[in-house]
Amino acid sequence: MALTGKAFKFGDDISTDHIAPGRYFHLRSNLPELAKHVLEDADESFASSISDGDFVVAGRNFGLGSSREHAPAIIKLAGAGAVIAKSFARIFFRNAINVGLPVLICDTDQINAGDELDIDLEAGTIKNKTNGQELSFSPLPETMVDILDDGGLVAHIRKHGGIKIE
Amino acid sequence: MGKTIAEKIISEHAGCDVKAGEIVVADVDICLAQDGTGPLAVRQIEKLGIDKLANPERSVFFLDHSAPASRKELANDHAFLREFAKKTGARLSDVGMGICHVVINEQYVNPGEILIGADSHTCSGGALCAFATGLGSTDVAVGMALGKTWFRVPETYKIYITGEFPVGVFAKDLILHLIGLIGADGATYKALEFCGPTIENMSMDSRFTISNMAVECGAKAGLIASDEITKAYLEKMGRALKWRPICADPDAEYERVIEIDVSRIEPTVSFPHTVDNTRKIGEAVGTVIDQAFFGTCTNSRLEDWEVVARIIKGKKIAPGIRFIAVPGSKLIEKQVIDLGYYRILAEFGAMFLPPGCGPCVGVHGGIPADGERSLTTMNRNFKGRMGNPNSEIYLASPATLAATVIEGVIADPRKYAKELTSTSFPSIVNTEVLKQAAVTAVDSLERVAFETAKKLGPKFKETSAVVEKKAKKVIKKYEPHAKKAAGELEKTLRILARDASKAIKDVLSGKKSEDAPVEIKKTTKKPAVKKKAIKKKATVKKAVKKKAVKKTAKKKVSPTASKKRRS
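Those protein sequence lines, which keep their order, are chains A and B.
In terms of the numbering used here, the first sequence has 46 at position 46, counting the first letter as 1, and numbering is strictly consecutive.
In terms of the numbering used here, the second sequence has 465 at position 465, counting the first letter as 1, and numbering is strictly consecutive.
Next comes chain B alone, as it looks inside the complex:
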């Protein structure tokens, strides 16, 4: 019988084949704790009488829940954790560096690993196909000290997602919808496996949003197969070599299968005071909101910022509403500054806090007053969560939040379809596509150079080792050219994208307004860019091939390269 992802990963770490229901001791790869749970974990490690951690480089303490410290007691907790990290070699992510669940995935987590964290949203790591689960301080203390813990291997619910998201509907709406469907204890002790064509095509940022909230229906883990999108993310984060494909076996056994077609989902809002108290946006529209908080481990990533920035750009905040924005990590903070999103939010009327949990934990940075209502991109709306039990919390997507800060009342983000699909916005998604094209171009160039050098080998009666050496030299020689070509290609693609967008606008203006259906923009633009891009790539390839073959053509090959070949 085949295995689920959870069974595969736990089997590897237990050193034997395991099935759902068994209790096993398994090695853990990464342990995390934060400033709320870390001090207790450290005291438990001390009680165990252990002064050497099993794997200090991958035992990480995050100062994010009250960062910078809001009270002397918490400042002292921070100092205590800094001291412990220094003493043991454990890693410390200090105040202002970001939320544990954002940073751990940016910097540490790889597919197939086990991550245990003294924070319930540790399950976010499931998006990278790691068995990532939240535990208490003592369990994490034991994990840090011994490098292992015990698990009951969970049964798995397969969550099969199909369809295309309608404009204005996002991963957050999907996960809120699922939790509303099965309830806050609908998957207690189970692993969720999110799969299907919609998940296969989903960005990493959206995947993180989904895995992050697995715990809100009681699940132990929220797993997503490791695929090409996972690979591209790890490459971007400098961990290309850590990638490997992982998916469930086709004959794996699932306790339950739930199918959701996202094309039928509407923007969704969780009403106070439980996450599973979900309603369609229509029931929420018009509710007066006093404070909007955009951030947290659920929705503080680049893609979320782009959505908010797109919708509010050039508009002004509604009078009477406070708008707090918090990037998830230092890296995201830098990116949103570079892309101009920070400025768009500032000009709109948002206020910023440093990367961290912000007001989500009810410690500081935006505690609501008695009787106030908050709308946030958080993952929990329990009574008192934001620090005042006499206030109400509504949960929604970044798009719904953006629509709400414009109007001052909960609003439907689908009204802003034009902003969400505009091609002239400095979109990270577009930039990523261009970069990917450039990387592919460099790869092809290298391959061409290598193949050509190999072909030349017999002519010189050289051994294959020498040929390979030569090929490497050729590659080294041509790398700057290839990179330059890739840069040129990226530039060209940008110009093409701009031209295409202009052309579309011209076409549409002929139809009087820009209110034309969104699909026209999408379908007209994509093929235009793709076709020309391929053409361009082919031209570059040819050029390099020529260069490599015509070894004597001094004009095209640099003198040093020719000299080496003749020797």
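Bound conformation, chain A alone:
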């Protein structure tokens, strides 16, 4: 699967409070509305400037904090094709796969805000069309690739009648 889009750059330790702020707690059963505030506390203009297929690019420990699955869900809903970071917090990482949002681990220092990227999920490569560099990312565990391919955990279970590795 190939993805193409523009990079939106963030720093280290972007928490789920930055992504889905608690003051919008009442919108959790209304994800399209909540998505209008995605990453608001890290970059106020992000939700209004992202186009379909663009990428969230960040530093270390992206998605730390709360287990709210609404965080990856609204990043996906806002149109992001993937999140690329140096590392992810555990629960966010698993939630992203469960909602069908690709999460890629690589050295993001080589990517600047506004860079145009081509990502090949199978080959594990990110081509930075702006500066010509090519980066590779660590492959996901097989269980997670299966879930992602099936379109998230619910679709995976409906398809296989349970968790496939059983």
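Calculated directly from the structure, the hints in this document are not laboratory data.
Built from N, CA and C at the ideal position, the CB exists for glycine as well.
Stretch by stretch, here's where chain A covers chain B in the computed footprint (C-beta under 8 Å, at least three residues):
1) 39-45
2) 113-123
3) 134-141
4) 146-160
5) 358-364
6) 383-395
Listed below are several chain B residues computed to face chain A (Cβ distance under 10 Å; list not exhaustive):
7) R71
8) N76
9) F80
10) G183
11) T188
12) G218
13) K220
14) H273
15) T274
16) V275
17) D276
18) I367
Go by the hints and put chain B onto chain A.
Chain B only, in chain A's frame:
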């Protein structure tokens, strides 16, 4: 090769021997979700097309994050969860009953179980030696529907804790210190195993504080071995039979070992806006605070209330600071009312919210204004956490919070060593010790009665079954006496404790003031009480033994009991 606690528990639930790094499907014992993550979990269960939960009695929904509801949208989410629970038989802990991580451990979690929760602080259950971990709504939905989930078995960091806590330094300072040491992603995907002599002697309330914050350095679980302290807690909560000892094998493999000597730790504060931004209290002292919030799944338990109540008793809140206090559960709320702590806080100038998450989630009940600073016993200080990204959050222990509300600026709790160690305070810790002594006394009495009856058996040429039956009768007969004796013992112990404390005071007043070193109070008091307590216990034992042996002594044995023996 031996196993870590995580490997042991996951192996039991996967039905095969597992090692760190493997991916397995394991049964889950308990699933929880709250009002923020529950509605999505329910929608995912519905999407799975499943209308029967695998284990409804142990699938629990908590209405705690916005409780009572602060907006109509959230009231509707609450109604949605109530309806689902009713339909499926899932358990519901309604608004005002308390925080999921406090209540689940009070009422459900047992050693060796797997708990998955749609809330990151589910790891609190590790204090009871359960493999307890936070997951998202969809994972918990699958757990509730199928009774299982998949895990990557985590590698373990052994966190070996030694030394005695200095007065004014607590479990919260220890865990903040550790997170500062290894960083907010220092243990991502790992299990932490807290052990060593300091943990072995630590109360359950403090253990919960430590396990609760494991996730703040990225860990999947924060495990503590199941021991006598775990056992006593479960007994208190009515689940004595659920206890079993669990610890890591001596030759278990650890990815990393971190040793901390708590006697060298100072009160610690996390500065905005990350938990690992920790500093020693000295760097924080004098920072003006607008709002203090005492509560949350980290520090809202009885022991925390005692610390705060001790420090502020008889004092007045500093002008200009707002002080919000929230007990962690209905049970704790009742206990702090009974013990008089609630009144101490009220008279000091605190305001109360019902048991629940309070202002920790930024939904209601104390959102700070632009530019304000909050000092709290929470576990997170991310930007916007309390509902306003233009405010700052400082994290600290309940003791540091108490010192701060007295002064209006961040203050060093070690100044209040006298209050923290006073023996005249209605302390839950003391009460627990007394109760434990009473329980032990009842046990000994029962054993004496049983043994005596057994000895009497051959005399009557009876079979062992009959002897046992008789012994049970004797026990039944003597139970009220034993309980009464235990009650008397408790009373006596209280009097002794009071006398001892008075005696110490007298001694100290001879030395002019009460500012004498704390150690004197401690060491003088403890042996005095213990010695006399043992003496007393022995006397009671003897008395009962006499009663049981002298079966014909009508004066001492009730007529019905004698009649039964003669028949």
